[in-house]
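A.B. asks: The whole structure should be built from the sequences, with the hints applied where relevant.
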Amino acid sequence: MVISPLRRKVLRDLRRLWAQVLAIALVLAAGVATLILGNGAYSSLTETRARYYDTSRFADVFADVTRAPRALLAEIKAIDGVLDAEARIVKLARPDLPGMAEPGSLLVVSLPDLGGAGINRLYLRQGRMPDPGSHREILLSEGFALAHGLGPGAPLTVIMNGRKTQMLVTGIALSPEFIYALGPGDMMPDPRRFGIAWAPRASLEAAFNLDGAFSNVVLKVLPGVPADRVIADLDRLTARYGGTGATARKDQISHAFLDAELKQLSAMVKVLPPIFLLVAAMLVNMTLSRLVTLEREQIGLFKAIGYSSRAVSVHYLEFVLCISLIGIVIGLVAGAWLGAGLAGMYARFFSFPFLVFTRDPQVYGLAALVAVTSAVGGALRSVGQVARLPPAVAMLPSAPPAFRSRPGRFRPFPGLRQTGVMIARHLCHRPVRTLLSIFGVAMSVAILVASLWSTASINLMVDVTFFRAERQDALIAFATPRPVRAVFAGRSLPGVLVAEPFRTVPARISHRGLSRRVAVTGRPQEPRLSRVLAPDLRPMSMPETGLILSQALSGALGVRPGDRVTVEFLEGARPKVTLPVSGLSIGYVGLGAAIDLSGLNRIMGDGMLVSGLNLMIDSAGQDAFFAAVKAAPRTEFVTLKSMTVTRFRETLAENITVMITVYVSLATIIAVGVVYNFARIALSEQGRELASLRVLGFTRREVSGILMGELAIVVIVAQPLGWAIGYGIASAMVAAFSSDLYRVPFVIGRDVYATASLAVLAAALGSAWLVRGRINRLDMIRVLKTRE
Amino acid sequence: MDGETKTVLRVKALSKVYQTGDVVVPALRSVDFQAFAGEFVVILGPSGSGKSTFLNIVGGLDTASSGQVWFGDMELTALDEGGLTRYRRDHVGFVFQFYNLVPSLTARENVQLVTEISRNPMTADDALALVGLSERQNHFPAQLSGGEQQRVAIARAIAKNPGLLLCDEPTGALDSATGVRVLEALAQVNRNMGATTLVITHNAAISEIADRVIRFADGRIAKETVNTARKVPAEVTW
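Protein sequence lines correspond, in order, to chains C and X.
For the first sequence, position 104 (counting from the first letter as 1) is numbered 104 according to this note's numbering, and the numbering increases by one without interruption.
For the second sequence, position 136 (counting from the first letter as 1) is numbered 136 according to this note's numbering, and the numbering increases by one without interruption.
The set of hints was computed from the structure by calculation and includes no laboratory data.
From the three backbone atoms N, C-alpha and C, an ideal C-beta is built for every residue, glycine too.
Chain C side only, calculated, beta carbon under 8 Å to chain X, not exhaustive:
no., residue
1, Q418
2, L696
3, F698
C.D. replies: And the structure:
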């Protein structure tokens, strides 16, 4: 095969300018990789979820009742729009594991009589389904089974309704309901302390005294039917049986967490790739326009000997296409590799029976197309210049850079040394390039600011939630509300220093057509352990009458302090009252409403009841406390703050290390790409001047100081701009992430700006150091013998 | 000629060999030379005769393969890179065929570039006045004619009060009339400041304004002529 001379020139140019080519290609590659990673992970997660939901017939509506007769199921199935319904028993139980000091919990869920059929079908990972007639056989969720090394055939003692029962694990399963298996009161899944056990209905009916009754119902709704309408009908039916209000799939915990993850991914796809592609286009523009200036005479020669303008333009376009090809290949490989890593991370967090990591050629094709478009877009101006350059003009050397003083416009820069004046004039001489470079470096700072802030924000969340608001060491949640004397029982447990009661009642709060289903928590007037904090973090007293709403809830309902809201309690006599909003509190997870405990009990009218206790425990008595709780006959759910916080921190630390590595690498790619190319182009333009200065007796250090000075100004001016852009991106992300489930506090400390700037400065210094060698090797004699 | 007794530049058995791959090109072959304080020397010779190599080594831009060069008491051939930079900075003024001005600095600033780093400089204004460019001091190189640019280059070269003024084809890119003005500037500087001046040229006519004419051929000094009667630049044409 004969390679045409122009094409051979492309290859030689690529080899000659390899460092600059690589720097640009890497920026482009980062764009391609983040695009593939984001889109790939997004479609992978969406598709996995969709396929899993579909094959397992994941429910659309979920409702809890205290005890409803199975006969009600027929009525529920008859609700207009309901495709199918399944009545279940869902109760909390406690595993009795000798190797585990702290109390854990198991959510026991009844299996349909038909075994594998029905709604929320299980995916059997190992072993077999329990025998429907057996009262001793259970399936365990995969995470919990793995955490405790329990497989098919293993015995497990479970305390159900106060009775210890020896069970046999027949298999390990996954359910679409618990893809993200979060224990009540936890912020991160902890498969050691929380798991799910499935058992035949008959055995649970017996264990929980629910013969012919159920405690939970799940519904499949006909496609196109709004879940809200079905929920309204369902709530009417279940109200008599202690129904606490049904939730749609969108509010189901596991589903909502998956949704939040998807939201973050889609935000990443929207923010990161465009930054890289924009910077890449800018670098192509800068580099190619310098190349065309340098090769002006060659361009004239090509045209003079008969190459068409088109052929010469295409030659430069091919050069750019080669750069994009290199970028695309690196980006595709990196994207696929990172994608596999991300899929692994999902596998750890989310219990899917399978993970569809889509290698959709469309995603790859789109990424490649976008990369080529941005590179070619950056090249258009220079290529147009090549096409328009008349050969006779091109073959003349280009005019020297026209620094001209216009009358009245001469700026002497008083106080600067002449080398400083050179720096200032060079930067001002090509303002567009200088500004673009500043913008490029600023984007690398921005990427870091926009990613690093979350650490501080999460720390604030932990600090506020666990150390200022929730100051208890342990929380005991009773399966059903108990009389107030339970407080004294709690206080007498070994190790307990303080016991503070609370009562939570599910309720629907509404205001002018907007409504939310929340848990209203009654607390003592001056709570000490579980406090409600005002936005300025001061603890709030419970008002005599009225509600304190979390800021998220007040935002969702559009209410301000002083407004009155309708509260429909969904328990007991289901009282419906109108209460004033007496204050707003801060809160990051979920929607919250707080009220005075006595006030709540007065409204409920069912006596002085409490749903649980917040406890302060003497650390020396902790083991005794654990033992006492485990031995207690009644089923109660215990949350341990230290474990929740530790687990939360561990998980985050792991993810944050990965995240910071990825983002710092991405920012470094941009910073190096911009600074290195800027330096190489500046050196190419000023090499002659700098060599002349060496002849005049300037030292190497003084001469490289001129170029380094230009770089320093670009990099330093870029910092505040980068901080501002990063702040903007971060605040947009906060707005995008905020949901009823999460509310991320937006704090960017000085350390975030400092870290971002230090990382970018280090990258800039590194690239400057690479160029410095070239300045030191400037050939003094050659420049004296040649005309520019 | 005055001050002939004091030797400013002494070159002994100077050789320079360029080697690229297997090809060895001798550029200078054992050159001996002396220049005296205030002397105006014109160096002639065809391309490749070694005159530029000679000037580069004497100016501290290049190093010798063998032999020795002294500037006063300083042995240039014993200096390292830093020492040569120091030598250029303190003692040598350069004027080149293509001026090599910094395009982003005005005439005055180009001169200040040097006065800022020199030990004993004259003011930029004085230097520009000496070459007759006081009026144009705030112009950028792109706004000056070739002759004017070269005179700025001369002002920049002499502003440090150099002991040695080295000019490589200073009129090579100029027409005859402009070239004469540049030569006048050089001659005047040589006369007023007493800097030993070495001028490389292809142009034999210029040799008439020199005290001494050296002719290079094949890496050696082939001929040396002392001008008994020096012409002034205005009397020279080409």
